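Chemist: In case you want the letters, here they are:
2 protein chains.
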Amino acid sequence: MELNELGMRACEAKYQAAAVSEVKKNDVLKACAKALIEYNKDIISANDLDIKAAADNGISEGMQDRLRLNEKRIEAMAEGLEQIAQLSDPIGETIEEFDRPNGLHLKKVRVPLGVIGIIFESRPNVTADAFGLTFKTGNAVILKGGKEAINSNKAIVKILRQVLENEGLNPDILQLIEATDRETTVNFMKLKKYVDVLIPRGGAGLIRAVVENSNIPVIETGTGNCHVYIDKDADIEKAVPILINAKTQRISVCNAAESLVIHKDVAQDFLPILKKALDEKNVELRGDENVVRILGDSVIPATEEDYGTEYLDYILSMKTVDSVEEAIAHINKYNTHHSECIVTENNDTAEAFLNGVDAACVYVNASTRFTDGFEFGFGAEIGISTQKLHARGPMGLKELTSYKYKIYGNGQIRG
Amino acid sequence: MELNELGMRACEAKYQAAAVSEVKKNDVLKACAKALIEYNKDIISANDLDIKAAADNGISEGMQDRLRLNEKRIEAMAEGLEQIAQLSDPIGETIEEFDRPNGLHLKKVRVPLGVIGIIFESRPNVTADAFGLTFKTGNAVILKGGKEAINSNKAIVKILRQVLENEGLNPDILQLIEATDRETTVNFMKLKKYVDVLIPRGGAGLIRAVVENSNIPVIETGTGNCHVYIDKDADIEKAVPILINAKTQRISVCNAAESLVIHKDVAQDFLPILKKALDEKNVELRGDENVVRILGDSVIPATEEDYGTEYLDYILSMKTVDSVEEAIAHINKYNTHHSECIVTENNDTAEAFLNGVDAACVYVNASTRFTDGFEFGFGAEIGISTQKLHARGPMGLKELTSYKYKIYGNGQIRG
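Quick mapping for you: the protein sequence lines, in order, are chains X and F.
Taking the working numbering, I'd label the letters of the first sequence as residues 2 to 416.
Taking the working numbering, I'd label the letters of the second sequence as residues 2 to 416.
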């Protein structure tokens with residue numbers, strides 16, 4: 002189907018999506034969960050085609066694993082939809098309510114964004130997840146998945162659209178772009194006439210392409226060059242587990258730490274202890290002159306590029322500083338405004354760091370790995386915003402909404 | 002100065018801007034107000050150059066008037082800064098605060114956006130106004146004004162930067178792009194590395210150019226194709242003044258009405274009454290077949306284009322509908338999501354309209370002209386957002402802020 006046609010259908014469907022009651026939305030989500038399990042064989046055979054094509058195209062085992070769907074993974078998708086059904090519906094909430102001296106009564110009310118576009122990479126589970134979150138918030142959605150997962154995505158979307166239809170709703174509340182060429186993707190980014198917000202989910206390359214090409218308002222998600230700063234007043238008993246957790250608990254995610262910043266006053270004492278723990282996890286170390294001097298030649302000298310790199314690997318850059326101010330300046334120079342941590346027992350230093358560091362989430366004495374919609378108690382997330390407009394940090398249901406002013410008068414005119 | 006240099010300076014200044022106390026910000030704003038009046042002769046002689054150039058370039062009297070600054074207008078600019086000093090500072094406010102089962106304590110705190118870019122057209126008073134609002138909210142700002150006002154803008158910015166410096170602050174909190182060529186403007190729209198948000202203020206052409214060219218997140222402001230819908234249950238005593246006020250109280254503004262939608266059941270009775278009132282204001286009428294049939298040949302047949310046009314003139318398009326649903330569909334097809342009004346005494350119809358119409362501000366029995374930061378009680382506004390991301394409707398101080406999460410732990414790591 003042509004993109005404009007898709008856009009028009011989404012625009013038509015969005016008004017219905019916005020008007021579905023909370024009870025009905027939850028029923029539909031539960032029916033979707035059931036249908037995914039009932040028709041899991043359809044999904045698995047479609048997925049087999051994708052896996053076969055991936056193998057034929059020499060795609061890595063790791064990528065193939067991310068692409069693979071089996072009964073258990075489909076159950077997890079279904080469970081995700083069930084969980085979204087349990088969350089309370091933000092739509093219709095009165096955010097503020099006030100009167101003006103002229104008698105006008107104003108209500109600021111939460112409404113859907115309208116049509117949300119989501120561009121994502123290989124994982125086909127995002128399809129059901131993105132539908133669940135956007136549907137629960139009264140939005141219509143147009144999905145553009147990675148071409149490696151096209152058969153899986155088509156099978157999942159077919160099942161979910163069938164449920165929408167069975168439930169008496171417009172199936173165009175959920176649409177998938179089936180063309181997989183690059184030109185279609187770029188044209189999708191320019192569909193401002195029909196799409197209210199575009200959310201890319203994927204690596205730095207995808208995000209950059211969307212930001213450069215889109216004329217639709219974009220919410221940037223994802224890239225995380227996160228730091229752990231160990232202050233001169235740090236408790237080493239806390240510093241070691243926090244650094245190890247932030248760096249190695251899961252290396253491929255955006256809230257993993259990529260860089261250690263450490264105060265010079267404690268570098269001599271703490272670095273050997275930290276190195277021992279990092280060595281156990283086989284983390285490659287790249288440090289500045291001071292670090293190399295203290296830890297010896299097993300540490301690779303760090304370059305400017307290291308400080309700006311999100312490794313997503315068992316690699317850690319290391320930098321010594323003279324003060325918390327220098328730590329803040331270093332982090333603000335190289336970070337991606339995602340998640341940053343200070344380890345310190347000094348409250349004043351902690352507050353200076355919390356205020357000075359420019360990031361969505363700033364931690365005192367806790368791992369950066371907590372930046373996550375579930376960990377924040379939002380119950381779900383569509384991604385982690387690294388921009389400052391609209392939403393920052395983990396984006397749950399509320400962050401998929403906008404607001405409008407309803408204004409009640411009795412004949413007021415402006416003088 | 003080169004744009005990159007400007008961007009780097011703004012980025013350096015933004016951290017200081019974010020840390021200035023409320024008391025100090027208010028002192029600086031008052032000092033700026035005083036300085037504008039003290040040095041008004043400098044502004045007026047710079048403005049004379051702009052006015053002379055405008056006259057030489059055959060710019061219309063109306064435009065020249067918008068460009069002109071005199072003692073009284075400079076006083077108004079100063080008063081605007083004084084007023085901003087009176088508003089309470091949103092920065093640092095705790096928006097939400099909650100604990101997690103693992104003991105993490107989260108604070109969602111209001112912070113500045115960072116560096117705001119503002120591109121505006123001829124009125125030089127925007128310069129002081131935009132500085133006041135962005136400074137009060139802890140942001141650094143880069144301004145790009147219209148080339149017609151370049152000398153005036155330079156004079157105003159010079160005075161304000163001098164005050165910043167006298168007050169011991171980094172003057173780069175406020176910067177003006179002095180180059181007036183189109184290429185510089187387009188390059189400014191691509192300064193994502195340094196600018197967090199770009200706000201265009203001006204006509205539809207400017208807004209479109211920014212949306213098409215910018216890779217910085219944009220807040221769209223301004224264009225308003227606003228409707229008044231007169232329902233079958235309308236009170237004509239309210240309908241006439243609301244329509245006349247919305248259409249004619251000030252024709253050149255974005256919250257002025259451009260189109261009348263009227264229920265067929267009352268068209269025969271109400272249209273002649275409305276026409277009489279509109280004739281008194283010399284409003285040209287363009288109506289559909291029904292309107293022409295009822296009101297006769299003095300009404301020009303309306304085209305599709307009429308329904309999509311923001312006239313900003315004494316012209317009104319008119320459309321008859323069979324139901325509130327048809328009114329909503331018509332408005333959602335042609336509007337710019339700015340401000341819409343229903344005149345009705347029926348509460349159910351009013352709620353259907355409030356819920357169904359996709360606009361920032363939807364009115365029952367009141368003029369669309371109230372969509373304004375001052376009228377909403379925000380004390381000031383930087384513009385009226387017509388997009389759904391971040392801010393919708395009048396944007397006051399709060400809408401020039403973002404937030405961050407401060408997270409307090411005692412050694413938590415993720416399992």
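Source of the hints: derived by calculation from the structure; they are not laboratory data.
Because the structure is a prediction, the values reported are computed rather than measured.
Where hints are given, some of them may not hold.
Copies of the same chain are indistinguishable here, so a pair counts whether it falls within one copy or spans any two.
[To be verified] Simulated crosslink set (SDA-like; lysine to any residue; CA at most 20 Å straight-line): (1) Lys148 with Asn126; (2) Lys191 with Val212; (3) Lys193 with Tyr335; (4) Lys334 with Glu376; (5) Lys334 with Asn171; (6) Lys35 with Thr402; (7) Lys148 with Tyr312; (8) Lys277 with Pro172; (9) Lys148 with Thr310; (10) Lys148 with Asn216; (11) Lys233 with Val212; (12) Lys31 with Asp373; (13) Lys282 with Asp298; (14) Lys194 with Gly206; (15) Lys233 with Thr402; (16) Lys194 with Glu184; (17) Lys194 with Arg74.
Chemist: If a hint holds in the structure, say so; if it does not, say that too.
Modeler: So, going through the hints one by one against the coordinates:
Taking CA atoms no more than 20 Å apart as the test, lysine 148 paired with asparagine 126 passes inside one copy only; the shortest distance there is 14 Å, against 52 Å between copies. For a Cα distance limit of 20 Å, the shortest separation of lysine 191 from valine 212 qualifies both inside one copy, at 11 Å, and across copies, at 10 Å. Within a single copy, lysine 193 and tyrosine 335 get their C-alpha atoms only as close as 32 Å, which misses the 20 Å cut-off; across copies the closest is 15 Å, which meets it. Taking the shortest alpha-carbon separations for lysine 334 and glutamate 376, neither the intra-copy value of 28 Å nor the inter-copy value of 41 Å comes in at or below 20 Å.
Proximity of lysine 334 to asparagine 171 under the C-alpha cut-off of 20 Å is restricted to the inter-copy arrangement: shortest distance 19 Å between copies versus 48 Å within a copy. In this assembly of identical chains, the alpha carbons of lysine 35 and threonine 402 never lie at most 20 Å apart, being 27 Å within a copy and 43 Å across copies at closest. Taking the shortest alpha-carbon separations for lysine 148 and tyrosine 312, neither the intra-copy value of 25 Å nor the inter-copy value of 46 Å comes in at or below 20 Å. Taking the shortest alpha-carbon separations for lysine 277 and proline 172, neither the intra-copy value of 56 Å nor the inter-copy value of 48 Å comes in at or below 20 Å.
Proximity of lysine 148 to threonine 310 under the C-alpha cut-off of 20 Å is found in neither arrangement, the shortest distances being 27 Å within a copy and 41 Å between copies. Neither within a single protomer nor between protomers do lysine 148 and asparagine 216 lie at most 20 Å apart by alpha-carbon distance, with minima of 23 Å and 26 Å respectively. In this assembly of identical chains, lysine 233 and valine 212 lie within 20 Å of each other by CA distance neither inside one copy nor across copies; the values are 39 Å within and 47 Å between. Taking the shortest Cα distances, lysine 31 and aspartate 373 never come within 20 Å of each other, neither inside one copy (24 Å) nor across copies (43 Å).
With identical chains, the CA atoms of lysine 282 and aspartate 298 are at most 20 Å apart within one copy only, with a shortest distance of 18 Å there and 85 Å across copies. Taking identical chains as interchangeable, the C-alpha atoms of lysine 194 and glycine 206 lie at most 20 Å apart only when they sit on different chains, with a minimum of 16 Å there against 25 Å within one chain. Within a single copy, lysine 233 and threonine 402 get their C-alpha atoms no closer than 43 Å, and across copies no closer than 33 Å, so neither meets the 20 Å cut-off. In this assembly of identical chains, lysine 194 and glutamate 184 lie within 20 Å of each other by CA distance solely inside one copy; the values are 18 Å within and 26 Å between copies.
In this homomeric assembly, lysine 194 and arginine 74 never come within 20 Å of each other (Cα to Cα): the closest approach is 36 Å inside a single copy and 39 Å across copies.
Consistency with the previously given hints fails for numbers 4, 6, 7, 8, 9, 10, 11, 12, 15, 17, ordered from lowest to highest.
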